[in-house]
Every structure is written in C-alpha cells, then in structure tokens.
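Undergrad: Next come the chains, spelled out residue by residue.
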Amino acid sequence: MNGDVLLALTIGFPPLAGLLCYALNNKTARRLIVALTAVVLIGSSILLYQGGGFAYEPAPIFETVVLVLDLALLAYFLYAGYKNRSWLVIGLAALQLVPVAYFEFGLGGMAVEPMIVVNDLSLVMSLIISIVGSLIVVYALSYMDEHEHHLHIEQSKQPRFFFFMLLLLGAMHGLVFSNSLYWVYFFWEVTTLCSYELIRHDGTEIAIKNSLTALWMNLLGGVGFVAAIYIGYYFMGSLSIEELTQYSAAPISLLLFATLAFAAFTKSAQFPFNKWLQGAMVAPTPVSALLHSSTMVNAGIFLILRFAPAFRGTSLSYAVVLIGAFTFLITAVLALNERVSKGILAYSTIGNLGLIILCAGINTPLGYAAALTLLIFHSVSKGLLFLCAGVVENRVHTRLIEDWEGLLAKLPTTTIIMVIGMLSMFLPPFGMLIGKWAAIDAISSSPSMGSLLIIMLVLVGSAATTLYYAKWLGHLLVLPQSGKKLGEESLPLPYSISMFSFLSLGIILGAGVSMVLGALVIPAMPAGYINSLTGSLFEVSTGFGSFITYPFWIGAIAIFMIGTYIAKRKGGVVKPPYVSGENVSDNPEAFKTTADTQVPIQVSSLFMDNEFSSTRVLSYGVIAGTLLVMIMFLTVVL
Amino acid sequence: MLSPIIGGILMGIDRKLTARMQSRMGPPLMQPFYDAIKLWGKEPFIASSLQPVLAFGYLGFSVAAFALLAFGQDMLLMIFTMAIADLCLIVAAFNSKSPYSNIGARRELIGMMSYEPVMLLAAISIFFVTGSFMIDSIYVINQPLLTFLPLTFLALIPVLIIDMKKSPFDVSGSGHAHQELVRGIYTEFSGYTLALVELGHWTKVALLLGFASLFWAQNLIIGTVLAFALFFVVLVIDNSYPRLDWKTMIKTTWIVGFLLIIANIAGLIARMVILS
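Going down the list, the protein sequences come from chains X and A. Note that my numbering has the first sequence beginning at 1, numbered continuously upward. Note that my numbering has the second sequence beginning at 1001, numbered continuously upward.
If we strip away everything but chain X, and leave its shape as in the complex, we get (with noise of 0.2 angstroms):
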C-alpha cells in the first residue's frame, strides 16, 4: 500500500471509526468497530514501519480544514472555561484564540513544504501508540461494561467515551507525522481536549474537578506552543520542523526550544505541572492506561527528541536533565507513601518521564539511545501494569495497596501477570532496566561537572523506586497460611486478549533487546549521532560496560527451576508464623491476647509518614520545579 494511504488510514479511520461508534450506540457494533480499528491501525503502522521514512504533501483542503478545527477547539475549551466558571482556562483559552487567529488571518498563516515528514523517530511511536494504545482500547471493552455495571448507569457513555478514545490514537499519529509546527499544534490541542474529556468521563465532582486541572495545565502548555509558532515566523522565518531544527543554538532558536520543552514538561507531568497526571486516576483505569503508557504523555517526551539534537551541549539541555533528574528523585520519594495502587503508578509514570527527559538531555549518543530504549519498554510494562490494576479494581472494589494483600490466592492469573509487570520495571535483565543501566552509564560518561549530582539524584531515586514496589510485591504474594489451593479465575475474552497480548509483548521484547536496539532504537537515532548503545546476541553494550542478556535470562530461570525442584523433593508442613508461642490452634492467622481472646494478625505496609509528610514535599517540589523552570528560561534568555 503506499504511504499516503497508510498515513490516512493510522490519522483518519480511528476518528471516524470514534464517531461510528458513537452514532450506532450499540454494543456489538462497538466491539467489531474497535476490533477493525485496532487491526487497521497495528497493521498500518507495520507497514508504515517497513516501507521506511518519506515526506508528503496533502491537499491543501486540510489546511483550512485543521484551521476551521483549531478555532472550534479553542472556542469549545473558552466554553468549558466558561461553563465551569473557571477563569484559569478562559484566560489560557483566550491566549491562544486571540493569537492563532490573527495569525492566520492577520498575518495570513505560513505554509510549510511539506506539511507531514514520516521519520524513524516518528515511525517508532507509531508503533507505540498504535499496538499498546489499540491493545488498551480493546481492553476498555470489558472493562467499561463492568464500571457502568458497578456504577449502575443506566443510559450507557460508552459511545461517546470510545469516541475520544479513538481520537486520541489519530491525533497522535497527526502530532508525531506533522512537520509544521501549527498542525502539531493542534494535535497537541486535541489530546487535550481528550483528556479532558476522558478524565471527567464519570461527571463525579472530583472527576470534573481534575479535569479542570488536567485543562489549564495543558492549555499552558499550548500557549508556550503559540510563542514557539510565533518565534518560529518572526525570528526565524520558518514553521518547518524539519528547517527549525537545523538552525545552530542561536539565542532566538534556543528560547523556541525553550518554550517547546516547557510545553513538553506540562504534557509529560513534569515538576511543577505533575499535579494533573495525579489527578487523572479518577478517571476510568483504560483511560489512565491509555494516557499513561502510550499517549498523550509520550507527546512531550516526542517532541523533546525531536528537538533535542539542535540544542546538543548548551545550557538549556543541562536545564533540561535537571528537571528531569529532579522530577524522577521527587516521585520515587512521593510514592514511597502513596496508599492507593494507581497513585503508585503514576509516581512511577512521571518519574520514568523525568529519566527519559533526563537521558534525552543528557544528549549524547548513549543518552538518547537509553531515551529511546525507556520509552519503548516503559509504554509496554506501564499499560500492563494499569491494565491488571483495572481488573484487580472491578474484582476486589479496593485501590489501596494494603487491601491487595494475599491477592495471588484470590486473583492468580492476574496477580502473576502483574507481578511480572512489576519485575519488568525494576529488574534486570528486562528493558526497563538495561535503559535504567544505559542511562547511569551515560550520565557518567557525559562531559560535565554537574553529571555527579545528577547521579546521585538517580540512584537515590531508583533506590527508592525499589524500595516501592519491592514492598508491593511483598503484600501481593502473600499466600494464606491454610495452604488452600490457588483460586479458579475467569476472565472475559477482550481482557485476555490484551492482557495476554501485552504479556507476550513484554516477554519477548525483554527477551530480544538485542533485537529492539537494532530495529528500532538504531534507526531512530538523529543524524549526527553515532550509535554506542549497540545489542549483540548475548550481550547489550555501551562501549563502557556490557549487559550479558541470554547467559542472565538462563541463570535466572534456571535458578527458578532448581529452586521449584528443591521445594518440590524437600516439601514441608506448612506451619503457622511465630508469635511467642500464642497461636489459636485452629486458626494459623490469629493469635491469643489477655484471657485467651482471639485476635487476627495484621501487618500493615511500610509507609513513612512519621519521617516525611508527603503534602509537604509535593509542595516544596512544586515550588523547585517552578524555579528550575524559571532558571531554564533564565538561561537561555541572558
């Protein structure tokens, strides 16, 4: 097929297949729709993938149809401002309106030749949005009858929820295959305004309340957007991606830079703009699987790469790892106290953005290649992660950590599935790690006297990053002390599909990251930047240390099996746990106080509020991340 078909199809059939969904109303039609279109878009993508990097030129009819779009966008987000009387979102509404409407009718727009660019870059995140992102709308599925099931909704929102779940996946594809700035502009709006929409999907007031955030601080990042168009046409005569990021680091190209990486920052969650990311859990657990691993976020750390090669080695890049470095230590601190699971997981969310942003800023070679390998392996184990938390959530109606305890008895499939997750974000040898690796590696090897405190911020981080999910794996394997059998568990066929499906892809891209690096990280590195971070059959390099892959994966299963042989030849009574002697003899998890009461054991979680209150560092770190903001601005201005 040639590739303007493709493009058409990864852009424009999952809109239409939204609105298709939403004029039927009706549950098999959406079934088979979504169905289609996640077939479609997988298979687009494929073949967008192999058929390799061109540019092109659509007809000029969708200028002014993106232009009519725009304006109606802006308009509708100045009506939601206005709807829900908050001034916040006016003002940032009107920013925008005022200016992008005089510039194309005042100033009569600036045409850009040509107007889409498909590159390696862009070719991997289609890959991502479009088999993580299709994976999770197919999940939405189920789990959106089982909400509004739990919920009792009687006039279903499915329709329109599936809506702009779909256009979500094409307004990604537009943003990551534009080359003018304006038309990424606007995709950049309409995953705004799909993540409004999606995160105040339940209409609850904290829901509507969130989204409101979610709204102000992406429509802030949308007026940095307006500056960096209008920089673009009076400084530098350009809107062309392409032609912007030829220019060396002049003063006026590094404040466009500047105001596309703020934007970056408010898209991706980064400190100080964190808040809306956290606030977006209300929503439905598709929607925050969906916002959190394959969308929406990756736009900011996209365009960061994108433009990351043309400010290599000045002072806004080193303002660029800070905020990135500081983003990663402040959530894994936040999260060590976070009670609720999907709190938990956008910590992690944000500060895995806060590493990518770090490694792209790092700006060599080794830190672009870690950049790239993070995001490919932290959108698979991410999705997993959020896709078992939905299940767990609509099964045992708990989203606190401390209540998940013993889940293996009572959910295995799942629970073993996400435990796998969880393993594949912190533990060698998955792909997560070996980016985590390649990133220390780079952060050492680069150039600059402040790459110390930078890794300290990292290592202190990552530490804690153990620390969290080392003690949520604890409570979910808990097994009850009778020694019952593991329970039966059904689960329906959209859930196994995407579960299972996102299973094996974590499996065996984490089994051939020799093989990832090579097709996908490699191809996607800018010009000018010579691989080091190279995977050969049975070791990842870096040209400063090497990651052995094959030999590690057999060690480690391996001591697996001759572990399960030993459990297996030596056995054992289960015996109940020791608490001084006191046991209730026919109940192994009780024990006996004064006068022979029974009491059940509890253990609760590791929490340390008694060392830090967590309100606290979220304010003092939204505070430092609006100073290190100001200090990049800083930088590049003086």
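Derived from the structure by calculation, the hints contain no laboratory data. Any given hint could turn out to be false.
Claimed, not checked - Calculated cross-link-like contacts (lysine to aspartate or glutamate; reagent style EDC-like; alpha-carbon spacing at most 16 angstroms):
| # | chain 1 | residue 1 | chain 2 | residue 2 |
| --- | --- | --- | --- | --- |
| 1 | A | K1247 | X | E611 |
| 2 | X | K575 | A | E1043 |
| 3 | X | K27 | X | E205 |
| 4 | A | K1251 | X | E154 |
| 5 | X | K410 | X | E338 |
| 6 | X | K570 | A | D1245 |
| 7 | X | K410 | X | E489 |
| 8 | X | K275 | X | E338 |
| 9 | A | K1247 | X | E154 |
| 10 | X | K568 | A | D1035 |
| 11 | X | K410 | X | E393 |
Chain A: place on chain X using the hints.
TA: Just chain A, lined up with the frame of chain X:
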C-alpha cells in the same frame, strides 16, 4: 560455585574472631558448615509454598552475582543482581503473615535502600578511574585502585556492616542476642530453607569482600589482605557499638558514603587539573 564455601570459611573466621574479642574460645572454624549440614537434614517446615523457591533464589542470585565478579563482568550488573538476591529474601520474609519477619523484611528493604546507592556510586567512582564499568578493566590499570580511591574504599565499611548484618546496623535480623524481633527477617525460616538462606548470606559476604579486594587487583595477596582488613574493621565495630535504629542507619550510610566518595572524585579531578 565455590563462593558459598569461601563465604562459609569467612563466617567461621568471623565467629572465631568475635569470640576472641569477647574473651571466649569460640566454635571450630568449620562450625558454619556443620550447622548448615544439620539444618539441611531437619524435618521440613515451611511458611508458604513459595518460601523455599525464594530462599533458593537468594542463594542462586548471590552466586550469580559472584560469578559476574569472578568473570570480570559489568559492576552495575553485579550490583543489580545482588539486589535481586536481596529481593528474593525480602519477598520470602513478607510471604507469611508473621509480624516479626514482616518488620525484619521492611528493615532489610531500608537497608538495601541505604547501601545500594553507595555501592553504585562506588562503582561510578571506579569508572572515573578506569573509564569502564567492566571489572576486567580494573586489572589492566598499572596502579592499584586504592591509590586512586582510598575514600571510596572506606565508604565500603557501612555497606559491609549492613550487608553482613552487623551491629550497629543489624536492624533487620541480628546475630547477637540483642534482637527485639526474634530473628527478624529470618524468623520464619527453618531447616533446609534456613540452610539455603545461610548459604546465600555467606556468598554475599564473600562477594562484597571480593569486590573490596579489587582495590588492589594487581596483587592477589595484597588484595586479600586488604579485604581481610576491611572485614576485621567491621568485626571490631560490630563488637564495640550497640545497634542503632534504621533512620540512623540510612542517614549515616548516605552521608558518610556519599561524602567520602564525592570527596574522592573531587580529589581525582583536582589532581587531573593540577597535573595538566
């Protein structure tokens, strides 16, 4: 594969030396092995069906980390592998509803959080000297590592104290009789699972001392002497300080460890600037 044996002998020496410091005779050198063999033959009691698998995981990954050291592989990978071993032990201790082993496991987690960044930073300081994260490359430089990184070497003391579960940082499960958590993280292990965990512990001690011996990698004997010196210092500290709580542990380890290593790196950079 020999690493648990080396570790076992080290533990025997530990018990002997500790006994002498406390004016006792102490058990024979091979006592740890007798203990382990006896434990292995005991009637099997387990806390959960997952526990033995994880107990073996602790041993297995410790041996794997030792293998990475012995074959001159990547330092960071070695430290991460050690972390998997620790994690196996921790999850195994979390695995039953035992209050004592749960609190022990939490403290072990905090212990891990205390020493892991210091270990990693030590590896990075070695990187600044050799230009590589491979352990192989330490053997290639013509001067011993200790002459470049004396302070980094000292920063290994708190790491070793935590990992050997020695006073003052033996919060997760002490060998001394001043334990308020019964046996802390080890409470729910018995018989062969305890034997596996003991073997894993020995291996880890051997691993860390092996890492310390890299600071004089040019000469195996001096390297061994150096590692023993470190071992002896830890034992002296163990016998002269009462235990402290975990907050002091994390603060001391981070402040002392980070400051020493950073001072060392700063010194290296200063020397480079002066020389050029």
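Undergrad: Given the hint that K27 (chain X) pairs with E205 (chain X), test it: the Cα-Cα distance must not exceed 16 angstroms.
TA: Outside the cut-off at roughly 28 angstroms; violated.
Undergrad: Is the straight-line distance between the alpha-carbon of K1251 (chain A) and that of E154 (chain X) 16 angstroms or less?
TA: Not satisfied, since the Cα-Cα distance of roughly 56 angstroms exceeds 16 angstroms.
Undergrad: Can you confirm whether the C-alpha distance between K410 (chain X) and E489 (chain X) stays at or below 16 angstroms?
TA: holds (8 angstroms)
Undergrad: Between the alpha carbons of K568 (chain X) and D1035 (chain A), is the straight-line distance 16 angstroms or under?
TA: violated (23 angstroms)
Undergrad: Sort out whether E611 (chain X) lies within 16 angstroms of K1247 (chain A), counting only the CA atoms.
TA: holds (9 angstroms)
Undergrad: So if I understand the rule, the pair passes when the alpha-carbon distance is 16 angstroms or less; does K1247 (chain A) with E154 (chain X) pass?
TA: violated (53 angstroms)
Undergrad: Below or equal to 16 angstroms on CA atoms is what counts here, so check K275 (chain X) against E338 (chain X).
TA: Judged against 16 angstroms, a Cα distance of about 14 angstroms means the pair holds.
Undergrad: Starting from K575 (chain X), check that the Cα of E1043 (chain A) is at most 16 angstroms away, please.
TA: holds (12 angstroms)
Undergrad: Sort out whether E338 (chain X) lies within 16 angstroms of K410 (chain X), counting only the CA atoms.
TA: The hint is violated at about 23 angstroms.
Undergrad: Are K570 (chain X) and D1245 (chain A) close enough, with their CA atoms no more than 16 angstroms apart?
TA: Violated, at about 37 angstroms.
Undergrad: Checking one constraint from the list: CA of K410 (chain X) to CA of E393 (chain X), max 16 angstroms. Satisfied?
TA: Between K410 (chain X) and E393 (chain X) the Cα gap is close to 13 angstroms, so the pair holds against 16 angstroms.
Violated hints for the displayed structure, listed by number in ascending order: 3, 4, 5, 6, 9 and 10.
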